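Just so you know, the protein sequences line up as chains A and B, in that order.
Residue 1 is where the first sequence starts when you use UniProt numbering, and the numbers rise one by one after that.
Residue 1 is where the second sequence starts when you use UniProt numbering, and the numbers rise one by one after that.
These aren't lab readings, by the way, just hints derived from the structure by calculation.
Just so it is clear, the structure is predicted and the values come from calculations on it, not from any experiment.
By construction, the Cβ of each residue, glycine as well, lies at the ideal position given by its N, Cα and C atoms.
Careful, some of the hints might be misleading.
Non-contacting residues of chain A with respect to chain B, defined by C-beta distances greater than 12 Å in every case (computed) [as the list claims (entries may be wrong)]: (1) Y32; (2) E86; (3) G108.
Below, simulated DSSO-like cross-link-like pairs (lysine-lysine); rule was C-alpha separation at most 30 Å, straight line [stated by the list, open to error]: (4) B:K301 to A:K117; (5) A:K63 to B:K324; (6) A:K66 to B:K324; (7) A:K99 to B:K290; (8) A:K97 to B:K267; (9) B:K224 to A:K117; (10) A:K114 to B:K273; (11) B:K198 to A:K117; (12) A:K99 to B:K267; (13) B:K238 to A:K97; (14) A:K66 to B:K267; (15) A:K44 to B:K324; (16) A:K44 to B:K224; (17) B:K324 to A:K114; (18) B:K224 to B:K324; (19) B:K223 to A:K97; (20) A:K114 to B:K223; (21) A:K44 to B:K273; (22) A:K99 to B:K324; (23) A:K66 to B:K223; (24) B:K238 to A:K117; (25) B:K273 to A:K97; (26) B:K324 to A:K55; (27) A:K44 to B:K267; (28) A:K117 to B:K324; (29) B:K324 to A:K97; (30) B:K223 to A:K117; (31) B:K273 to A:K99; (32) A:K114 to B:K224.
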Amino acid sequence: MSGATEIQNLKSRDPFAEADEDSGQTTQTQEYIHIRIQQRNGRKTLTTVQGIPAKFDHKKILKVIKKEFACNGTIISDTESKGMGEVIQLQGDHRLKIKDFLVNEETGLSLDEKTIKIHGF
Amino acid sequence: MSTEEPTIQRRASRKSVAFTEEKLVVDADGSVTMIATPNDDTKDTAMSHTPRTPPLSAALGAFTDASQAPADGADGAAPAADSNPDGLDLSLLKKKKKKVKKEDGEGAEGAAAAGGDEAIDLSMKKKKKKKVPKEEDEFAKKLEALNLEGAEGAEAPADEGVQEGDMDKGTGIWAHDESRTINYDPLLSRFFALLAQKNPDHASTGTRSYKIPPPQCLREGNKKTIFANLPEICKRMKRADEHVTAYLFAELGTSGSVDGSRRLVIKGRFQQKQIENVLRTYIIEYVTCKTCRSPNTELSKGENRLYFITCNSCGSRRSVQAIKTGFSAQVGKRRKMKV
């Protein structure tokens, strides 16, 4: 019996298991949320948010954002053609505001700041 | 639009742009928290041991941590550097030390004064006291010894406060016939001071900021921007034009072309500052070495289609992400897009 418990103890301290866990974490952090900006005609711009985790309801997020930022926007599902997933597209430059929203713990999604990448100028 | 034009012209007269993301760290430290900041840095390295190649955002986080260091460095300075004797930490310390050295002119004395990682006001007081009897060194020593005896009668930790002296002149604890044991921190600071003294070229490489010529932006018509000196900048960064171009287009979310005289024509209106920001992120991501922050690196396509950055000054090699365009919304008329 005692031998069996020792083996179990050994297993729990298996260094490779920990390594696997670590690699899993790193792959998670690799999946960034990309916030991009695009120029339209004149001084108008579009903000696109790509890669919001699927556990969130994109529709509801959009509804809140539209109200908060006072802008219009849509969800573009691009899954079949390029594999981008659902992209939230907003009218105007809301990059910093949307980052605050994604990071905010009380009124936002309380995501990790390190997973968010802001592109553009 | 009329308000934008004069600003662009004013900017064009600037000669060079300093990309000083490493200098920022030093500026943020100031000379006050010389000991405290390396401590914080060691903590960062200890954390980043598990992921071998940290993502860019993590690295950026480390940058910000370093700039935040003075804030928590004031109270978190308790454990001295001797708790981390491995090579990486030392190198970090060295860099910090050297930069500090350059900042304050009287290098040795400043380092010696900040040696004990007590509160800052203590060392300041000691310095002032020492200034007065500088002429009669022996007398000062005796006086200090007397002071020490008196202090030891009162309280024990006064011993650390007396670790003072000018190491160049050989006074105080640095005197030749001094028999007291010298604390670790003054010894360490003396080591780095001597190192910087004997190898001045070491120090110069640490603080030099990386400069590239500022991007020249012209407007072609109403909707296009010409980026005139792209080949020059690419040459300075030792990167292929195509790579930089692809990154610019991906980040700006546009497209463009190269005209006859190798200038880049970008669709959309962009100001010099905006292009500059993108170039800055490019340099952070694809040019500077993450280990030693040197811009002297090479980008090469390694095996299995991954790009690798090899540093020429420290020899480190890391993989970088390929440039991804990501999602780009449809802009303009639908009719145009279909054709």
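These are the hints, each one checked on the structure:
no., hint, verdict
1, Y32, "7 Å, violated"
2, E86, "10 Å, violated"
3, G108, "18 Å, holds"
4, B:K301 to A:K117, "24 Å, holds"
5, A:K63 to B:K324, "29 Å, holds"
6, A:K66 to B:K324, "28 Å, holds"
7, A:K99 to B:K290, "25 Å, holds"
8, A:K97 to B:K267, "26 Å, holds"
9, B:K224 to A:K117, "26 Å, holds"
10, A:K114 to B:K273, "25 Å, holds"
11, B:K198 to A:K117, "44 Å, violated"
12, A:K99 to B:K267, "27 Å, holds"
13, B:K238 to A:K97, "36 Å, violated"
14, A:K66 to B:K267, "29 Å, holds"
15, A:K44 to B:K324, "24 Å, holds"
16, A:K44 to B:K224, "15 Å, holds"
17, B:K324 to A:K114, "18 Å, holds"
18, B:K224 to B:K324, "23 Å, holds"
19, B:K223 to A:K97, "27 Å, holds"
20, A:K114 to B:K223, "35 Å, violated"
21, A:K44 to B:K273, "18 Å, holds"
22, A:K99 to B:K324, "20 Å, holds"
23, A:K66 to B:K223, "29 Å, holds"
24, B:K238 to A:K117, "26 Å, holds"
25, B:K273 to A:K97, "21 Å, holds"
26, B:K324 to A:K55, "24 Å, holds"
27, A:K44 to B:K267, "14 Å, holds"
28, A:K117 to B:K324, "13 Å, holds"
29, B:K324 to A:K97, "24 Å, holds"
30, B:K223 to A:K117, "27 Å, holds"
31, B:K273 to A:K99, "22 Å, holds"
32, A:K114 to B:K224, "34 Å, violated"
In the structure shown, a violation is registered for the earlier hints numbered 1, 2, 11, 13, 20, 32, in ascending order.
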